[in-house]
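Colleague: Spelled out, the chains give:
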Amino acid sequence: MKRIALLISLVICFATVALAKEAKPAEDPQIEQRMRALTEQLRCLVCQNETLADSRADLAEDLRKEIREQMKAGKSDREIIAFLTQRYGDFVLYKPPVKSTTYLLWFGPFVLLFAGTGVLYRYLKRRRELIDDKPLTADERKRAEEILRNA
Amino acid sequence: MKRILLLPLGLFIALVGFLLIGLHRDPHEVPSPLINKPAPAFQLPQLHDPAKTFSVQDMRGKVWLLNFWGTWCIACREEHPLLVEYAKSNAVPIYGVDYKYTNDNSDERAAAAQFLAEVGNPYTLTVYDADGRISIDYGVYGAPESFLIDKNGVIRFKQIGPITEEVWNNKILPLAKQLNQ
Chain A
1 MKRIALLISL VICFATVALA KEAKPAEDPQ IEQRMRALTE QLRCLVCQNE
51 TLADSRADLA EDLRKEIREQ MKAGKSDREI IAFLTQRYGD FVLYKPPVKS
101 TTYLLWFGPF VLLFAGTGVL YRYLKRRREL IDDKPLTADE RKRAEEILRN
151 A
Chain B
1 MKRILLLPLG LFIALVGFLL IGLHRDPHEV PSPLINKPAP AFQLPQLHDP
51 AKTFSVQDMR GKVWLLNFWG TWCIACREEH PLLVEYAKSN AVPIYGVDYK
101 YTNDNSDERA AAAQFLAEVG NPYTLTVYDA DGRISIDYGV YGAPESFLID
151 KNGVIRFKQI GPITEEVWNN KILPLAKQLN Q
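Protein chains in written order, with my numbering: chain A, 1 to 151; chain B, 1 to 181.
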């Protein structure tokens, strides 16, 4: 009985510790919400397939802290993104900016689409020219019917 | 007609080529926006003597290597023996930033001093970045990371991950020699 009581008190103890840790960041719901929205568009560089919002990496945690502080200091989202790209490059952005080095990325698919449409159009046009749909002459029809009858 | 049939095949081979190149590239090597930019300024307490500080300004006129590390970082331990060896050659002075994340409640400063005493100290000087704030300014995300900084305080080269023999001999040393001229 004593042991069980000890166990229960231990569990409660740990649970409150865990709760305390979870509850810490929720100091200002407005800033928390803004930070969440912003960090969902940003990449965590430690585990690259995770957003900065979801990552549990220590660096992500520190960056969220940094972003939180900058928001409290009245920085705009744009300023915070500039702060991050100055340090980590455009790679932190899940949506890359449109600039000369990313033209191929942004417009490549459209170029391919237009090129593909062009090739298809030319191909279809040429095919129509190749297969020209002439009606049979009376003579040819007679021969064809004969071939069919003999078959 | 035949040429058109070969086009998709050609495109496919090109695509496979790109994918093959992609397989051999390390996605963790992100080009740093800090190359050819002035090294972010900082003034940090020294690891061994908190009363004294060190700043980037102190290194004007010198070509030097700034290495970000921590005792919590396994790859840094891997790199360490090489750094000790290279420091002995006196080719490029190596300065260290020992840093930790805010989540980490351990006494990194003591651990780092002990680590250096045990396995050798390659650093001319080490500073202590207690909340990782300076490592954020340098865009460090995969410790160890090293920055080669020129006489004007401009970052000329960045190594993400451990320095290897190849990187030291083929990249850092030749560049340092050139910058020292």
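Hints may contain errors.
Unchecked claim - Below, simulated DSS-like cross-link-like pairs (lysine-lysine); rule was C-alpha separation at most 25 Å, straight line: (1) B:Lys62 x B:Lys37; (2) B:Lys177 x B:Lys37; (3) A:Lys99 x B:Lys62; (4) A:Lys75 x B:Lys88; (5) B:Lys52 x B:Lys62; (6) B:Lys158 x A:Lys99; (7) B:Lys158 x B:Lys177; (8) B:Lys158 x B:Lys171; (9) B:Lys52 x B:Lys171.
If you're looking for bench data, these hints aren't it; they were derived computationally from the structure. Model, not experiment: these values are computed from the prediction.
Colleague: None of the hints should be skipped; say for each whether it holds.
Modeller: Now for the hints, and whether the structure bears them out:
1. Pair hint lysine 62 of chain B plus lysine 37 of chain B holds up; C-alpha atoms about 16 Å apart against a cutoff of 25 Å.
2. Between lysine 177 of chain B and lysine 37 of chain B, the direct Cα distance comes to roughly 20 Å. Compliance with the 25 Å bound is thereby established for this hinted pair.
3. With a C-alpha separation of about 36 Å, the suggested pair lysine 99 of chain A and lysine 62 of chain B falls outside the 25 Å cut-off, and the hint is violated.
4. Note on lysine 75 of chain A and lysine 88 of chain B: the hinted pairing is violated, with a Cα-Cα distance of about 46 Å set against a maximum of 25 Å.
5. Under the criterion of a C-alpha separation no larger than 25 Å, the hint pairing lysine 52 of chain B with lysine 62 of chain B is consistent with the structure, at around 20 Å.
6. About 24 Å separates the Cα atoms of lysine 158 of chain B and lysine 99 of chain A, which keeps this hinted pair within 25 Å; it holds.
7. For a cut-off of 25 Å, the pair hint linking lysine 158 of chain B to lysine 177 of chain B stands: about 16 Å separates their Cα positions.
8. Between lysine 158 of chain B and lysine 171 of chain B, the direct Cα distance comes to roughly 10 Å. Compliance with the 25 Å bound is thereby established for this hinted pair.
9. For the suggested pair lysine 52 of chain B and lysine 171 of chain B, the alpha carbons sit about 33 Å apart, so the restraint of at most 25 Å is broken.
Going through the hint list in order, the structure does not satisfy hints 3, 4 and 9.
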